[in-house]
Amino acid sequence: MTSKKYDLVIKDGRIIDSALGFGRDGHIFIKDGKIAKVESDSAPIRQELKTFDKEQIIDAAGKLVVPGLIDIHVHLREPGREDEETIETGCNAASSGGFTSICCMPNTQPRIDNQETVKFVQDRAKNANARVYVVGAITKHTEGKELAEIGDLVEVGAVGITDDGCYVQNPEMMRRALEYAKMFDIPVMQHAEDQFLCGGGFMNESYESTRLGLKGAPAVAEELAVLRDIVLCRLTGARLHIQHITTRRAVEAVRQAKKEGVRVTCEATPQHMVLTDKEIGKEFNTNLRVNPPLRTEEDRLAVIEGLVDGTIDCIASDHAPHSEEEKDCEFDKAPPGMIGLETTLGLVKTFIIDKGYLSWADAIRKMTVNPARILNLPGGTLEPGNNADITIIDPEKKWTVIASNFKSMSHNSPFIGWKLNGQAQMTILGGKVVFER
Amino acid sequence: MSRLSSRHLLGLEHTPQEDITAILDTADTFREVLDRTIKKVPTLRGITVLNLFYEPSTRTRISFELAEKRLSADTISFSPSTSSVKKGESLRDTLQNIEAMKIDMVVVRHSSPGVPFFLTQFSDANIINAGDGSHEHPTQALLDMYTIRKKYGKLDGLRVVLVGDIKHSRVIRSNIWGLKTMGASVALCGPATLLPHEVEKFGCDVYTNLDEALEGADVVNVMRIQLERQEAGLFPSQREYTKLFGINQERLKHLKKNYTIMHPGPMNRGVEITSAVADSSKSVILDQVTNGQAVRMAVLYLMRGNIEEGSLS
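Protein chains in written order, with the numbering used here: chain V, 1 to 437; chain H, 438 to 750.
Keep in mind that the hints were calculated from the coordinates and are not lab data. Yeah, the Cβ is synthetic: ideal placement off N, Cα and C, and Gly gets one too. Mixed in with the good hints there might be a few duds.
To be verified - Using 27 Å as the maximum straight-line C-alpha spacing, the simulated DSS-like pairs for lysine-lysine come out as follows: (1) V/K278 - H/K638; (2) V/K258 - V/K215; (3) H/K539 - H/K693; (4) V/K278 - H/K617; (5) H/K694 - H/K680; (6) H/K680 - V/K282; (7) V/K31 - V/K5; (8) V/K34 - V/K119; (9) H/K690 - V/K215; (10) V/K215 - H/K617; (11) H/K690 - H/K719; (12) H/K638 - H/K506; (13) H/K693 - H/K617; (14) H/K617 - V/K282; (15) V/K258 - V/K282; (16) V/K259 - V/K282.
What the hints assert, rightly or not - Output of the computed footprint for chain V on chain H, the stretches with three or more beta carbons under 8 Å from beta carbons of chain V: (17) 551-558; (18) 584-590.
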């Protein structure tokens, strides 16, 4: 028999969704790329399942069924560095990691600071294995000098603005950006590191940088940047999103600002929850060079604390592909960044959920509905009527990170060789299976 | 083959006391060789050593080259200005090409911390760090320690003051590790803007007042202050640096009677040290240079020297 009413059913999975209530076993029915209904188990539903063809059934027994994961901080490198990642390969990496929606940063070559480049990215992403939402530039060429045509960017679908990689150093410019962005109800996403205080540092300023003789970027560079932007956010009433927060005092600043009702949100990356600056001196592994840098154990724990108490709204990877050639060099000559789309889920399960910091429900919330709300994205929930973007997770899958298994074109991950727990088993985009392990 | 616990000398932070003692003891033997008419022994015969200097260096490069030649090694030297580095060749490719020519040992200087370690990852040669950025310069610290030990007969229990740009000095870092391992007490002194973050975690006494730092010390090792630091705004003027941190005769009254003045060179006479002090009878600055030969011969020998052919008699 073939069900005519539905195209597909995911049966017997443990459904985790903030809107539908967490941890409920049930079945998800899909029709025309949308979620048609979600049902708990019952005799009539069992009868209905019998009307389905074998090909129409995905058996998720023993698995978690969650809204397609969303990563709002991804570098796709196209246009400009198609040798490192293309929109297609970045989306393959996303679906392999369980992500169905990603937001790409504008620091491509050329920068995404005008309608044409936004449209180019959208066009290239049309048939990709993930939805790509474009984050445009705050300033032209992300140079911090003149506002980009933000209205134009929003008109063609930009969901937010950032000069990621660069801090908008001039406070007057940042104030204007917040005021202007407020007209369009989009957040200004800030890479919060004061460039003068960083002074071209290669790692966190700490005893580790002192010991290794590597120029340090101090934690206060982030703290000061975050505090300044909170002040401007309060002044303008606009929405501010702090990208990849890493220091104890910056987290504390956001916590206080939220208490006072300032419209600030923030994200943190798995690497800043898992790694510290102590790793760098072991082998000078250039894949550990990231901006902002890996911090101290105290900072790492503070980031986790912020994640637990809700100060940190969402988890984002800051997936930043770099070619092997670029990373195979002196530590202080390597460009900053590591890939992350394919390790985020495993790291979150192994180091956040298994350590008891977050439940699956809370972790999934920070990778679905929360990021969706920050950028007004569709999805992030399994409520009927939504796109059938669904991730099926094998929660206890033990796996080893192997470079040749990455779908990303670049392999710059410090986690290669690590044993992780928990992995996406299947990723469904608009009712279509785009990845299966 | 190495008679040390590691087949490379990347730094002194993790070098055990036994290794340092072995190097200093062996250096004694080579120091004696340097006083002979024929200053050459056959211990590295058939071994090829590459001196890979990405940063300008006179003293260290010549010292290593001479040490190698006096051990009968075949040596080649390489500096970026005369190579394909300017054509954009990567560090890995440069070394792999040179190593394809069957190099046994590499002495490397580079502006990036960690480069000597990086080279061990894809080379079979013994790697000796001749200075990597602000990280380490182990043979300089070893020759400093050798020089101190030669004068006092020990390192244990001595008080050594390192004065200057603590933040950017690889010589200071290697001296801290080595001296502490050997039981000396170490004091650091420099402008607060040239003290690195959490400097106290080195486990040394830290001063910004030179007179206090010198009080009761046996040895002062004065570091070169680089003009670029002033240009970068780390101190207001050379004049004020000299006023606050320059070593002159007047300052020396705080030291123990049998004190010693050291400087790794090159000196800025009249800036961090006056000529009167540098040229005084308490100065061992030129002994450091001679001893550097013996210490580098000892390191090369202990790492790779052929035991049968290595007879020093």
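Here is how each hint holds up against the structure:
1. V/K278 - H/K638: Between V/K278 and H/K638 the Cα gap is close to 14 Å, so the pair holds against 27 Å.
2. V/K258 - V/K215: It is violated: about 33 Å lies between the C-alpha atoms, which goes past 27 Å.
3. H/K539 - H/K693: With a Cα-Cα distance of about 51 Å, the restraint between H/K539 and H/K693 is violated, given a limit of 27 Å.
4. V/K278 - H/K617: holds (22 Å)
5. H/K694 - H/K680: holds (24 Å)
6. H/K680 - V/K282: violated (40 Å)
7. V/K31 - V/K5: Answer holds: V/K31 to V/K5 is near 7 Å, not above 27 Å.
8. V/K34 - V/K119: Holds. V/K34 to V/K119 sits at ~25 Å (cutoff 27 Å).
9. H/K690 - V/K215: violated (36 Å)
10. V/K215 - H/K617: holds (24 Å)
11. H/K690 - H/K719: holds (13 Å)
12. H/K638 - H/K506: Violated. H/K638 to H/K506 sits at ~40 Å, over the 27 Å cutoff.
13. H/K693 - H/K617: Distance of about 20 Å is within 27 Å: holds.
14. H/K617 - V/K282: It holds: about 21 Å lies between the C-alpha atoms, which stays within 27 Å.
15. V/K258 - V/K282: violated (38 Å)
16. V/K259 - V/K282: violated (40 Å)
17. 551-558: holds (count 5)
18. 584-590: violated (count 0)
Against the hints set out earlier in the document, violations occur for numbers 2, 3, 6, 9, 12, 15, 16, 18.
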